[in-house]
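Single-letter residue listing:
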Amino acid sequence: MSARVNGWLYVHAPYLLLDEQLAAQAENEREQPQVLLQQQGSTGPRVVQLNAAAQTAGIQRGMAMVTATTLVPDLICRDYQHNREQWLLQQLAQLLYQDVAQIALQPPQGLLFEVRSLLRLYGGWQALQKQLQQRLQEAPIRYYWASGYSPLAARLLAQAEVSVLSADPQVTTAALAQLPIQASGLETRAQQRLLDVGMTTLGSLLQRSNSALGARFGKDITHYLAELRGDFSPPQRYYRPPAQFYQRIDLLSEVESWPQLVFALKRLLQQLEVFLQGRQLSTRNLRLQAYHRDQAPTVVVIQFAHAVWQQRDMLQLCQLHLERQVLPFPALELSIRVRELENRQAHANSLLPVQQELPAVAALVSRLQARLGEHAIQVPQVQADWRPEHAHCLATWSRSQAAAPALNPSQRRPVWLLPQAQPIDRRQWQLHWGPERLQSGWWDDQPCVRDYFIAVDEFQRQGWIYHDPQGWFLHGWFS
Amino acid sequence: MVATATNLQQLVQKGWVWQGQQTPLQKTSTDFLDSGWPELNAQLGGGWLRGSVNEIQIEVGFRGELGLVLPLLQRSNERPHVWVNPPAQPYAPGLQSQGLVPQQQWCIQEADHTKALWAIEQCIQSQSVGLILAWLPQLNAAQVRRLQQVTEQAQQLVFIFTDCQQEPEARAYVNRLRLHWQDELQIEVLKRRFGWPLPPFPCALQRLLPERRLVKKSAHNNTSHAVTGTTRLTL
Chain X
1 MSARVNGWLY
11 VHAPYLLLDE
21 QLAAQAENER
31 EQPQVLLQQQ
41 GSTGPRVVQL
51 NAAAQTAGIQ
61 RGMAMVTATT
71 LVPDLICRDY
81 QHNREQWLLQ
91 QLAQLLYQDV
101 AQIALQPPQG
111 LLFEVRSLLR
121 LYGGWQALQK
131 QLQQRLQEAP
141 IRYYWASGYS
151 PLAARLLAQA
161 EVSVLSADPQ
171 VTTAALAQLP
181 IQASGLETRA
191 QQRLLDVGMT
201 TLGSLLQRSN
211 SALGARFGKD
221 ITHYLAELRG
231 DFSPPQRYYR
241 PPAQFYQRID
251 LLSEVESWPQ
261 LVFALKRLLQ
271 QLEVFLQGRQ
281 LSTRNLRLQA
291 YHRDQAPTVV
301 VIQFAHAVWQ
311 QRDMLQLCQL
321 HLERQVLPFP
331 ALELSIRVRE
341 LENRQAHANS
351 LLPVQQELPA
361 VAALVSRLQA
371 RLGEHAIQVP
381 QVQADWRPEH
391 AHCLATWSRS
401 QAAAPALNPS
411 QRRPVWLLPQ
421 AQPIDRRQWQ
431 LHWGPERLQS
441 GWWDDQPCVR
451 DYFIAVDEFQ
461 RQGWIYHDPQ
471 GWFLHGWFS
Chain G
1 MVATATNLQQ
11 LVQKGWVWQG
21 QQTPLQKTST
31 DFLDSGWPEL
41 NAQLGGGWLR
51 GSVNEIQIEV
61 GFRGELGLVL
71 PLLQRSNERP
81 HVWVNPPAQP
91 YAPGLQSQGL
101 VPQQQWCIQE
111 ADHTKALWAI
121 EQCIQSQSVG
131 LILAWLPQLN
141 AAQVRRLQQV
151 TEQAQQLVFI
161 FTDCQQEPEA
171 RAYVNRLRLH
181 WQDELQIEVL
191 KRRFGWPLPP
201 FPCALQRLLP
211 ERRLVKKSAH
221 NNTSHAVTGT
231 TRLTL
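So the sequence lines, in the order shown, correspond to chains X and G. Numbering (UniProt numbering) for the first sequence: 1 to 479. Numbering (UniProt numbering) for the second sequence: 1 to 235.
Because the hints were derived from the structure by calculation, they are not lab data. Keep in mind that this is a model prediction, so the values were computed, not measured. Every residue gets a Cβ at the ideal spot worked out from N, C-alpha and C, and that includes glycine. Do not take every clue at face value.
[What the hints assert, rightly or not] Looking from chain G toward chain X, a few residues come up when the C-beta cut is under 10 Å (computed):
(1) L11
(2) V12
(3) V60
(4) R63
(5) L70
(6) L72
(7) V82
(8) L100
(9) Q104
(10) Q109
(11) K115
(12) S128
Starting from the given sequences, assemble the full structure and let the hints guide the process.
Structure follows, in structure tokens:
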């Protein structure tokens, strides 16, 4: 008994899913009584989560939907979604992972923290509590938390909605003793047997010796007590952060256009920033998905020319990008996925001789591409081919560009090339230099034999013209 | 007397007083970028003014307007130069033979006028690019004023190539030049920051371009017929 230390912390968020939905609502909408319903057996849907307004209106957890709607006729009802809540629980773990390394998910609404080592780091429960409280303010949830000398002790207290944070095991024991047997987490049959002999609280159970209880109620109860007292700890599976970011947000009402999604997008990007900041990572692309009622989701992939991690930057670029997009159907949900993550210092110590890339240049490229399209910036490139129109191409700007092949300096080439050679009237042109015969391409479908000249037209412009079996053509200009 | 001197200073700063010297009073030579053409430098007070939007009016395209800015493009290959709505493709081998790095020439084709101007402004503001060359229809007064303001703040250099206007309305460009051709390229200064407009004067652009054969005007037609497909002309 004397070696007991309160080394566990349990956070219980009984309204996890609803609180998340409330956070996405406007102020006046939040004030409306709202509940989440779940089908339970054959008795019809019952209230599983409710907001403060519903509570004041007299609605309670476990109440049948019929009763609830009779109490509050304009009650907003939605279905409880288990999977969604599991996602949220992971997100919550993700958030708290910034402060606590050992977190075990306790579905559907709990998180267990092993804090023994952290107490040393923070210098006691008070400092730790302050840090976690601050962190939890980022999550828009109502929660209860309790410390304990065993995972079970902390869990029972938190789930009973008794918030007891204390370094003193005596305080925990005292609080546990107050709990009714119904809050013990034991099977209903075991609870009944205890109640039958007049044990109505956990306290009455804790007073008795293990052996006496074991003799009377069997091995299960002694196991239970060992677990509660911390004499026996079942192994915990601790949360590991995912290697990618995925976050989905319920819009709660249909949203018709991208600009109206900005509010939701802001929140998602804020979470992305937290995720990236916590790992010192950045990203160059993200994938937005808008989910519709019946149609397949609309996917928008947004590329950045430079690595970003701040919400402000990402939002600005996303907004520019989305200006070009049309939302084909109203959206119900929005998600962001980021798969490719990179270390922030990755480029500083890269061994490859990457062309010196100023951050400002990359940021400019990102902005231009976001508003004008991914292929907005075209860069001329020299290609190893004799045929003039194949000796060059306009390629989309990219980070690492191949070095240009060496050029024969004696060749006279114009600075302008017409995308398509234009037929010309030979009599309008004075030939000044030439011909240069360019002949090749027998290995592909477009063989060509052309004699190129530099010639001057009636306006005194210097053109690059050629003659081939089809006639005379203008192909480029020299200035 | 003091009051008069201050008034004069104000007038000088507004650019309303013609100054009989090469470099205007309140500007030092570092405020100007050598255009590569001594005759043009002399007329513009030392070269292109840093932080200026310059208009180049052209009678017909492809007759020297790119040559005019080639010395500037050649001078800096570290930063990308931006070409907005170029009238044809900048041809990589040709750029190379003029000493330019093709990869550093960014081409942006944007049919939407507003978006094109937005892109130009972004490039100016980012301060990470070299020259900004844009081929655009005539801009209105507000657009030019805005571009000039941003350009001056960012100390960039912008060239707008546009059609000739018979009677140009006032615009906030620092320099407005019109290109003509009379045996060689002629530059007419319609407006400059420090001085009056100037009649056309020649610019030795030909040194950057393939040599021309001197053809007597009267012999124009005959000569062109004298060249046949396989005759190699050396020059």
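Evaluated hints:
1. For L11 of chain G, the suggested interface contact is broken, since its CB lies about 38 Å from the closest CB of chain X, more than 10 Å.
2. Evaluation of the V12 of chain G hint against chain X yields a violated restraint, the C-beta minimum of about 35 Å exceeding 10 Å.
3. Contact between V60 of chain G and chain X, as hinted, is supported at the beta carbon level, the nearest pair being about 5 Å apart and thus within 10 Å.
4. Interface hint status for R63 of chain G: upheld, as the beta-carbon distance to the closest one in chain X is roughly 5 Å, under 10 Å.
5. With 10 Å as the threshold, the beta carbon of L70 of chain G comes within range of chain X, its nearest partner Cβ sitting at about 8 Å, so the hint holds.
6. A least Cβ separation of about 14 Å between L72 of chain G and chain X goes past the 10 Å threshold, and the interface hint is therefore violated.
7. Using the Cβ-Cβ criterion of 10 Å, the hint placing V82 of chain G at the interface with chain X is satisfied: the shortest such distance is roughly 8 Å.
8. This hint holds: L100 of chain G has a C-beta 8 Å from the nearest C-beta of chain X, less than the 10 Å allowed.
9. A cut of 10 Å between beta carbons decides the hint on Q104 of chain G: the least distance to chain X is about 8 Å, and the hint holds.
10. Interface hint status for Q109 of chain G: upheld, as the beta-carbon distance to the closest one in chain X is roughly 7 Å, under 10 Å.
11. Restraint check, K115 of chain G versus chain X: the minimum CB separation of about 6 Å is within 10 Å; hint holds.
12. With 10 Å as the threshold, the beta carbon of S128 of chain G comes within range of chain X, its nearest partner Cβ sitting at about 4 Å, so the hint holds.
The earlier numbered hints that this structure contradicts are 1, 2 and 6.
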